[in-house]
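Enquirer: Each chain is listed here by its residues.
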Amino acid sequence: MDRTLTFRKLIWRQGLWQNNPGLVQLLGLCPLLAVTTTTVNGLGLGLATIFVLVCSNLAVSLLRSTLQPEIRIPAFVLIIATTVTVVDLSLQAWWHDLSRTLGIFVPLIVTNCTILARAEAFASRQPPISALHDGLAQGIGFALVLIALGAGRELIGQGSVFADADLLLGPWAEGLTVQMMPEGWGLLLAMLPPGAFIGLGLLVALRQYLIQRPVAAPLTQDMNTRTAQT
Amino acid sequence: MSLKRWKPAIALIAVGLLAATILAGLDRLTRDRIALEQERRALAALTELLPAERFDNELVTDWFEQPVTGLERPVRFYRARLDGQPSAAVLDLVTSRGYSGDIRLLVAIETDGTIIGVRVLEHRETPGLGDRIEIRRSDWIRQFDGASLDHPAPDAWAPDRRGGQFDTLSNATITTAAITDAVRLGLEAFDSLGDALWTRESEMQGLEIRPDLSQNS
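In order, the protein sequence lines correspond to chains P and S. Note that my numbering has the first sequence beginning at 16, numbered continuously upward. Note that my numbering has the second sequence beginning at 18, numbered continuously upward.
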C-alpha cells in the first residue's frame, strides 16, 4: 500500500516538475509554440491535451497484453488518432462554440509527441490506474506550461490577461479579463513566433535555475538525478 | 505456419476495426447535430448583419455561387426576401491578399447597392495589428456602412494611404487594402448581376454548409 502511494507521488512529481513534457522532455513543441498567444488559448489546448492523454494512456494500458512489440507503435498511433477524432467530433456536436475557438488546436494534438511517448514509455508497461495517474500528471504538467507561456506572451504582447475568456468558458467569464496595460500597448514580438521560442527558452532557463540553486548539494548526486531524467 | 506468427497482425486488425467502429458510430451519432449547429452558426453570422425582421425566407438556404475575378473562392450570394420581394443580399467572399493568408468577409448590401455592413468571419492577420479588422477589437470595419460604388467616388475607393477615402489601420496597410478591394469587388459583382441576382435558382441541395478556410487547406 505504502509502495503504491510512493509510486503515485513519483508519477505526479515526474509529470509536473522533474520530467515535465513541456520544460524537460521538450515534447509537443509544435502545439506548444503555435497556439500560446493568449492565456485562454493555452488553457483550451491544455484541457484538450489532458483529455486525449488520459484516454490514450488508459486505452493503451488496457490493451497492453494484446499488443505485441512488433505492432505497438502503429496500434498506439491508431488509438491516439481515434481519441483525437472522438474529441473533435464531440466538441463539434455538443460544444460547438467551444470547438470554433479550439477548432485548429484539436487536430494539432495528434502532432504532440508527448502522447505517443507516454503510451510507449509508461502506459504500455503499467496497469490502468497508474496509466490514468500518469496521463493526468503529464497532461496537467503540459497544460501548466501552456498557460504560463500563454499568459506571459499575452501580458507582454497585448498588456492583458485572460482576454476572450468568454469564448472558452462561456459569458460569465467575461469579467475574468484583466487589461493590465492601456489598450494598444504591447510588444509585438511576443505575439509572433519568435516570441514563443524566447518565452519557452526563458521558462526552461527559470526551471534550470530553480533546480540548480541549492549549490550545497553534492555534485555527484546532482549528476545522478540528471541522468535518471533523460 | 503457426498461428502464433499471425497473432500481431490479427491484433492490429482488431484494433483497427475497433477504432473504425467507434468512429463510424460516433459519426452517425453526431453528423446531424453538427450540421444543425453549423447552420445555426451560419444564420447567427448572417443575422448579425441583417436583422431577422428584414427577411422571412430561409436565408441560409437561398443562395448561389459565382466566381469573381480577383477573389479567391466563388462568391456566395445569399438573398434575403420579405413577402417574396428582394430585401437585401449578403455576400460571403474570400480574398487571398491578406498579410498572412485568406480573409473571409460577409458583406450585406441593400437592393440599391448601399452597404448595410461588413464583418470579418475568418482571418489570420497579426494579433494586435491586423486583427483590429474584427468588430470586437475595433470599429474600423464600420466605416464601410453606407458606402456604395459611387459613394465615395470610384477613384477614392481605396485606403487613405493610397489616396482614397477609407482609414488605414496603422501598421496593417496590406490588410486594409485587401479588405477595401474585396468589398469593392463584391459591390461590383452585385452591381453586374442586376436582376439576375434575385431570379437565379437557388443552388442549395440538401443541407450544405460552406466549409471554413481552415478546413480547406
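Among the hints, a few may not be true.
Claimed, not checked - Label pairs and their computed distance ranges (CB to CB):
(1) P:216 x S:160: 40 to 50 Å
(2) S:167 x P:128: 56 to 66 Å
(3) S:151 x P:48: 18 to 28 Å
(4) P:219 x S:21: 25 to 35 Å
(5) S:65 x P:48: 17 to 27 Å
(6) P:195 x S:156: 32 to 42 Å
(7) S:20 x P:105: 35 to 45 Å
(8) S:26 x P:195: 56 to 66 Å
(9) P:23 x S:69: 47 to 57 Å
(10) S:166 x P:209: 38 to 48 Å
(11) P:189 x S:156: 13 to 23 Å
(12) S:35 x P:223: 42 to 52 Å
(13) S:50 x P:144: 50 to 60 Å
Unchecked claim - One-sided and incomplete, this derived list gives chain P residues near chain S with beta-carbon spacing under 8 Å:
(14) 101
(15) 104
(16) 108
(17) 227
To be verified - Facing chain S, according to a computed beta carbon distance under 7 Å, are these residues of chain P, among others:
(18) 80
(19) 81
(20) 83
(21) 85
(22) 86
(23) 92
(24) 175
(25) 194
(26) 216
(27) 223
In short, the hints are calculated from the structure, not lab data. Fair warning: this is a prediction, and the values are worked out from it, not measured in the lab. Even glycine gets a Cβ: it sits at the ideal position worked out from N, Cα and C.
Enquirer: Which constraints among the numbered hints does this structure fail? Numbers only, ascending.
Expert: 4, 5, 6, 13, 17, 18, 23, 24, 25, 26, 27
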